[in-house]
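Visitor: The primary structure of each chain is shown beneath.
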Amino acid sequence: MNELTPLAAFWLIAIPLISTPLIYLAGRLQVSLAAGTGMGGGRKLVTANGQVVVATTSATPRTPAPDVARWLGLMALAATWAPFIGATRDLIANGPAKFGLESIALRFDGLSLLLALLALGLGTLVMLFSGQGVSGAAGTEKYYTLLVAMVGLMIGLACAGDIFNLWIWFEGMAVASYLLVGFHHEEPAALEASVKYLVQSAAGSVLVLLSIALILAQTGTLNLEEIRNTAHTTPGLLAAGALLMMGFGVKGALVPLHTWLPDAHAQAPSGISAMLSGVVVMAGIIAILRSLAALAGVTPSWGSLLIGFGVLNIAFGNLMALRQTQVKRLLAYSTLSHIGYILLGVGIGVAYGQPAGTQGGLFHMLTHGVMKGLAFLAAGAFLYGLQPLFESDRGKLTQRSDAAHASPLLISDLAGAAQRYPLVAFTLSLALLGLGGLPPLAGFMSKWQIFVAGFATQNPVVGGLVIFAALNSVLSLAYYMPLVNMLYRQAPSKLVEHGRAIPLTMLLPLGLLAVTIVAIGIWPGLVYWLIEPAGRVLLASFGG
Amino acid sequence: MSSILLVAGILVCAVQAIRATRLLVAALWLAGTSGLLAILLYMLGAHEVAVVELSVGAGLVTVLFVFAIGIAGEEAMDAHGLLPTPLATGLAILPLLLLGWLILPVNSTGYLAGFTAGTADFSNVLWQQRGLDVLVQIVLIFAGVVAVLGLLAEVPAGAREDKVSPAEGVRVPSNKDLLSGTTILFAPEIRNQQAEIPGDHIAEPEQAVEEAHR
Amino acid sequence: MPSIDLTTILTLLTVGFLWIGAVAVLWAGDGRRQMQNLLAAGFAVAAGLAALGLLPLATGQAVVRIAMGSFFGDFTFVPDGLGVFLAAVATVVGSLAVIFSIDYMHEEAQLGRYYALVLFFIGAMAGLVLAGNLLLLFLFWEMVAFCSYALISFHNDDPKAVAGGIKALVITQLGGLGLLAGVLTAYATLGNYQVEYFLANAHTVPPAALAVIAFGFLIAAAAKSAQVPFHTWLPDAMEAPTPVSALIHAATMVNAGVYLLARFYPAFADVPGWRTAVMTVGVLSALLAAGLALMATDLKRVLAYSTISQLGYMVYAVGVGAIFASQFHLLSHAVFKALLFLGAGAVIHLVGTRDMQQMGGLGRQMPFVRNVFVIGALALAGIPILNGFWSKELILEAGFAGGPFAAYVIMLAVAGLTALYTFRTVWLVFFGPPGADSPSRERNPAAGDAPPAMRVALGTLVLGTFVTWLLAGPFGNLLEIGIKGPAFGHVSSTLRVVEEVLAAPTTLIALIVVSLGLAVWYWRAKLPANATASGAAGFRAWFARDGGFEGLNHAIAGLIQGSSEALRTTQTGQLNWNIVGIAGGLAIVLAILALGA
Amino acid sequence: MNLAPLNVALVGVLGLLGIGMYGLLMTRNLIKTVIVLQILVKAAVLALVMAGSAAGQIHLGQSLALTVIVADTIVAVVGLALAIQVRRRCGTLDVQALATLRR
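Protein chains in written order, with my numbering: chain A, 1 to 544; chain B, 1 to 214; chain C, 1 to 597; chain D, 1 to 103.
If you're looking for bench data, these hints aren't it; they were derived computationally from the structure. All C-beta atoms, glycine included, are put in the ideal place defined by N, C-alpha and C. Incorrect hints may appear among the rest.
[Claimed, not checked] When the alpha-carbon atoms are kept at most 25 Å apart in a straight line, the in silico SDA-like pairs for lysine to any residue are as follows:
1. A/K98 - B/V66
2. A/K98 - B/Q129
3. C/K160 - A/T325
4. A/K494 - C/Q110
5. A/K98 - A/T230
6. A/K494 - C/E107
7. A/K98 - A/P482
8. A/K98 - B/L60
9. C/K160 - A/L483
10. A/K494 - C/G596
11. C/K160 - A/F426
12. A/K494 - C/G31
13. A/K494 - C/G29
14. C/K160 - A/Y528
15. C/K160 - A/Q326
16. C/K160 - A/I411
17. A/K98 - B/L135
18. A/K494 - C/P159
19. A/K98 - B/A20
20. A/K98 - B/L24
21. A/K98 - B/R19
22. C/K160 - A/P482
23. A/K494 - C/R113
24. C/K160 - A/Q419
25. A/K494 - C/D158
[Stated by the list, open to error] Non-contacting residues of chain D with respect to chain C, defined by C-beta distances greater than 12 Å in every case (computed):
26. A4
27. N7
28. G23
29. L25
30. L30
31. T73
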């Protein structure tokens, strides 16, 4: 940190990470104090002789005690915005900033900016949103701590310029997210999702390590730029590239490696689903791109491979989503197909040197983060509103045979939800329509740019793939639309009629994201300061 | 020559760890793998890591496994997996062959192209050159600890307790029944709970579960 | 330049009034129905007036230009003759449908959603025809599709309505892929989205690319205008509230396809095979739909098939190069089809069923509706003086002169078929013996005629049916504005049109065929029984299957659903199988790299 | 430097990787799955040291290996904690019982 310029970028990473112990300790302190005075709300109490007594008030509405950990977390993330703005200014004024410790390089460039914005933006909103959503569960302070840690680690990951350092950021992010996915660990389904997530991530991370070893053995360096300069075509580096792609691809949910995703997205608390889908998966893709870019000189086929996975993801995600009955599972599979669009765009950009491709792919990464974040948060709001009924009255109200089991939000549960929850329903439909690629919403614009890139190659095969992608976009309407339709049914479901009100802290993030979707859709130039440098950096790093 | 023997030993231990039907035995074979690996690492010149591998890999991790097995109990494992064995074998070997084809053998053209041995000593490399890794690792450890605390913490009692597990029809033991060693180690809020280290459960896993129910 | 300024303002207002109105209606909330009625009708009429005001101001210049950044180009609006004309049709007919809705929808819940979508729909259509940028055109194209979907499945508790809506959406969007490919190809080859630029430079586009664009646009137009083989969505769209059907058929949705073909005809006319393809689509649609209309017993379905058939005429006209005739028929069709639909809506509103076999003898009960419906039907059948006659004659004449003879003969026969099914419909609904279990009398013994707001809408349209053909001359001049090239047919005065039509021998032939159709219906009982029975049986069997297109739809949908269901078994949920993905994926990527590099 | 030990080590890495993959594919017990993950980590550790050695930067390789050992021990601990919770909630460690989320 010799120069002054990267100071902002440094604090951008440091603030969330430094604040995590504080958040945790403050949260623990509050829990202990509450336990001492018997004000633990729905939480477990520990009496003097160590007997664990579980408060039975969990069914009744909790008195809204201010949650210290949550407010501290929110403050930490809010404080992070200051260095973010500073770093953005630096980036625009002076170009990419390089900093780091000794031999480990960090680099704050357009791509870092994009991922940092996604992580910080969605993280802040999720933090705001999570207040009531996770209350009543044990260990909320751990939830907030890990959420902030995850945001910090992802920003760090975005800046990593050293391949092993990239891995450790990545692993840190993964460790932080295991508990978050299985946060409702009193439910077997949540545990199941978390287990799958952990085992598959860990297997993938080993593949990455093997690849790092191969790269180190053959190039003698871990710095991404130096690797790029020394790497030439050897079979060993080809293997390294494949291992990288598959290793990070687990988290990036490339199709045969995706199997953890629907479970994790569906079972995690909704805020975490939003983070997973909007940022964590994207961090995986950024990691693939960053590290593969270092091997750009090894073979020209990285771009084609990305296109291939993109097409596979699009088709598979769409077909899988078509028959889903659970809202969050449907959204999870739609994430798969949107990853496909991102990969397609980036792949076209890399393979054919199309700036529109990388920019379109990254643009879609941004819009997808906003739209899917909104969709999951809206689903979370519905879950919050209807959840008490799942547990108590669902059997009575809906005659569902699986009333006793863990309670997924079914599409049919949302019948007529627009009457009881007009704002949430409206924002959810906006998100879904945007995901379906209907103008004038954000999703259309980013998809369009990817398609432009495909046609600009003037290659009939790529053109055909683009048409195939567009075809799938049409197909996706066949599952988004019934959901939208369900929201506006005229005869509301019994569940909806008895749902409880949604607090303002939940509605606020929904509203903000919805406005963003419309704004980007009407005026895509709004985010070009962000997309253009990111796409340029990515293309340049692949030597395009 | 000795390295060939060592690698063979490592692989044998690893295979045994996978073939073992009892968890504890598998954990011990893993420790064996670790120990042999430590020797191999030492031979490759990685003296410090060899020590760490011996203490953490063969020591701490094994303790953790034994501990976890103690809590969770041995479980009679189904000998045959969910996948057809030929498929699993094929899927394990196929990438291996391809990888081997691509990266073996190490020869002087692809590798070692004029690298000079680094002059810095190990602690310098670890703490200064790779200092950022260590910092991030601290965050990682912190996150891991918080995650473990969270996972092992008790949850509020609710309607979900004591319900029938959908998969097995087994009655799920409630939280209070299963309070045990690890919980006490990792969950500070119940630290002064009377401990009952289930050492004897290892021998009789089924009995342990039975006890847990009571 | 004040006139340019006024043009700009009116162009923006034509779309803006509708969208502001949509927001305003939503804002008013479902609690204040009267307010919603007022707002919706007010904004719709205002937009209609703005569009009418735009008619004399039409210009080929872009009046609004918004820079959207790289890859998106400048969004422009060009209110040229063709665009302004269609915007006027959309907004005027649209505002009449909105007025009609005041009575028709007075018992419905969620009125806010209804009006907002209707206004958004009309606005999107107006934007579509005024757009001067290919991407903007595509944007509006998609918006129209979405609104149509949302309105068709407005009664979303009814699974048929939902299915019909999704079918309409998916099929038109599939066609939209053609537009997508076309626009992207145009942009990739020319580097510019402006329609004007494209039309001027189409000859520089490589022939293969131009063919992609031309046929892509044709696919899109066929899907939007419900032409063979994409026509199956339109009959199912009849689940929509009737004013919405009127909108889709007369004012907004289906016209977009014909508009697209007409707009880009100058660029595509020389693409080999394109005109033949367009004609084929038109002829097949006209014939197939006329046959289907003859078989249908659902009043709205008959009208839907007749729309497909009439659109077939328009597409055919574009194919033979008679853009003026095509657009003129579009105008006539918009007026009389809106009239027919709204009339049918009044009937259905009263009777509570759409099955014509349960109607019959309604004429005495609702003379006003009967009269206006008959007028509309006569226009559809092509009886002289009414507007449908003139425009259809123009098309047939152009087809005789400029197209293959076989196509002309078929279109002539379709004219007869049109008369036949039209009179069958009128007879069954208003004059025939009441159906066996006609609910009309029992349910609504005191049911009166159409209520006042409905009468306003219907009356205006009846007037239009009588007079729009008089505007042929001004209309011809209007179409010339801003359009380069000779394709549009040099029509300068109504008198010339009249002379031309009356003098042409084809008119007489057509009239004879039409009366033949009439006669077949009139003496249907006296035809040899065997002939009708056997002829009808084969006919019926073929048309009952909708020429197999419906089956094709089902097959494709079934295939997709089946593969989806089959794929779901890959998500076993078992951790070990999940690892298979990792190991297998690694093996495949390694193999690709090892073998390919 | 003599290349033979490196080649042998590389064979060891591949062997461990293959055994680990096979283990992940066949193991039905969750705790054992974590054991198998540890075997995979051994492969990674060995590979990193080997790479450091091959690149003439054995200390760099050691440093990476050390980090990996620590990080993956944490992962193993989290995995074991999950396994213990699974045992509590589902009464079994069998992966088969954890296949309720599917399709």
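Visitor: Just pull the numbers of the violated hints for me, sorted ascending.
Guide: 1, 7, 8, 10, 14, 19, 20, 21, 28, 29 and 30
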